[in-house]
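Generate coordinates for the entire structure from the input sequences, incorporating the hints supplied.
Protein chains in written order, with this note's numbering: chain F, 345 to 434; chain B, 2 to 160.
Rather than coming from a laboratory, the hints here were simulated on the basis of the structure. Please read all numbers here as calculations on a predicted model, not as lab measurements. Mixed in with the good hints there might be a few duds.
[Claimed, not checked] On the chain F side, residues computed to face chain B include the following (Cβ under 8 Å): (1) P360; (2) P364; (3) L374; (4) L379; (5) I385; (6) A386; (7) Y387; (8) A389; (9) T390; (10) I395; (11) F398; (12) W400.
[To be verified] Estimated spans, in silico, between C-beta atoms of each pair: (13) B/L143 <-> F/L431: 38 to 48 Å; (14) B/L68 <-> F/L374: 24 to 34 Å; (15) B/W15 <-> F/V419: 39 to 49 Å; (16) B/F54 <-> F/I430: 41 to 51 Å; (17) B/F39 <-> F/S357: 47 to 57 Å; (18) F/P360 <-> B/P78: 51 to 61 Å; (19) F/V427 <-> B/G16: 53 to 63 Å; (20) F/V427 <-> B/L68: 25 to 35 Å; (21) F/S394 <-> B/P103: 27 to 37 Å; (22) B/R36 <-> F/I430: 46 to 56 Å; (23) F/F403 <-> B/F39: 12 to 22 Å; (24) B/K147 <-> F/I430: 47 to 57 Å.
Glycine included, C-beta positions come from ideal geometry on N, C-alpha and C.
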Amino acid sequence: MIPSIVFSTPMLSWIPFLQPAGSLGNLWWLLMIPLIVGISIAYRATHDASIEQFWWRVFMFVMKSTLAMGSLALVMYLFVYWVIPILRTT
Amino acid sequence: MTNDNDQLDEPLHWGAAFFGWICPGLGQIMLGHRRRGFLAMTGVLGLFLCGIFIGGVDCVDRHEDPLWFYAQAGTGPIAFAADWANSGLLKTGKVGELIESPPSNPRAPAPLVSSFKTVTVASEIGTLYCALAGLMNVVVLLDALKRRPIDKGSGEDAR
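Now the structure itself:
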């Protein structure tokens with residue numbers, strides 16, 4: 345699948361922050377990764393007693409959160425496309 | 002480094018919490034935790050500005066999305082500024098143009114909306130970013146409320 349960046353208006357007339365930049369089309373869910381990065385920076389800055397190795401801890405937090413959400417998405421996919429059709433046929 | 006008991010004994014820093022609401026991370030900076038404050042500021046303001054960038058200022062709307070705005074208002078005056086930009090620039094047609102949208106009641110006149118208004122997933126994601134920025138700033142200012150100030154010259158965390 346070729347990622348298609350969808351802009352609501354042509355780039356030349358686009359006014360940043362006033363007009364939406366648009367989502368990434370079918371890959372809109374990738375925008376969850378910068379969301380997790382922002383949350384983890386703010387969380388790690390306040391939660392940890394020491395801020396030594398701060399960026400490493402942020403990286404690990406982002407990886408764990410992304411993997412957890414990805415796993416949850418996989419479970420939901422299997423449930424919707426595998427389990428529910430089986431339940432409907434029985 | 003403080004343990005939990007030390008932090009429980011710590012008096013509440015209402016001034017730091019208030020300035021933390023005015024500008025995310027400022028509470029920690031006032032208490033001497035400069036690096037911690039700037040990092041928190043980076044996280045919260047980064048989230049908020051990313052949200053506005055993705056969905057436009059239409060993401061912050063005090064009148065149309067009041068529940069979302071309660072969360073977004075945690076970011077501080079910047080959320081009110083975005084709401085002002087939305088209602089003062091977009092909704093009045095000073096920027097962009099006002100176009101008719103289908104009325105919910107066929108007998109009512111067609112409402113005018115800004116041509117910059119979006120109803121796509123970009124708007125939803127932008128709204129989510131700004132709301133989570135506000136909620137994270139509540140976490141940050143609660144931390145400033147109970148964090149032990151650093152004495153000048155101790156050097157701890159004050160980079």
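To see whether the hints hold, each was checked on the structure:
no.: 1; hint: P360; verdict: holds, 6 Å
no.: 2; hint: P364; verdict: holds, 4 Å
no.: 3; hint: L374; verdict: violated, 10 Å
no.: 4; hint: L379; verdict: holds, 6 Å
no.: 5; hint: I385; verdict: holds, 3 Å
no.: 6; hint: A386; verdict: holds, 3 Å
no.: 7; hint: Y387; verdict: holds, 7 Å
no.: 8; hint: A389; verdict: holds, 4 Å
no.: 9; hint: T390; verdict: holds, 4 Å
no.: 10; hint: I395; verdict: holds, 6 Å
no.: 11; hint: F398; verdict: holds, 7 Å
no.: 12; hint: W400; verdict: violated, 13 Å
no.: 13; hint: B/L143 <-> F/L431: 38 to 48 Å; verdict: holds, 45 Å
no.: 14; hint: B/L68 <-> F/L374: 24 to 34 Å; verdict: holds, 27 Å
no.: 15; hint: B/W15 <-> F/V419: 39 to 49 Å; verdict: holds, 44 Å
no.: 16; hint: B/F54 <-> F/I430: 41 to 51 Å; verdict: holds, 43 Å
no.: 17; hint: B/F39 <-> F/S357: 47 to 57 Å; verdict: violated, 36 Å
no.: 18; hint: F/P360 <-> B/P78: 51 to 61 Å; verdict: violated, 21 Å
no.: 19; hint: F/V427 <-> B/G16: 53 to 63 Å; verdict: holds, 55 Å
no.: 20; hint: F/V427 <-> B/L68: 25 to 35 Å; verdict: holds, 33 Å
no.: 21; hint: F/S394 <-> B/P103: 27 to 37 Å; verdict: violated, 57 Å
no.: 22; hint: B/R36 <-> F/I430: 46 to 56 Å; verdict: holds, 54 Å
no.: 23; hint: F/F403 <-> B/F39: 12 to 22 Å; verdict: holds, 18 Å
no.: 24; hint: B/K147 <-> F/I430: 47 to 57 Å; verdict: holds, 52 Å
In summary, the structure is inconsistent with hints 3, 12, 17, 18 and 21 from the numbered list given earlier, while agreeing with the others.
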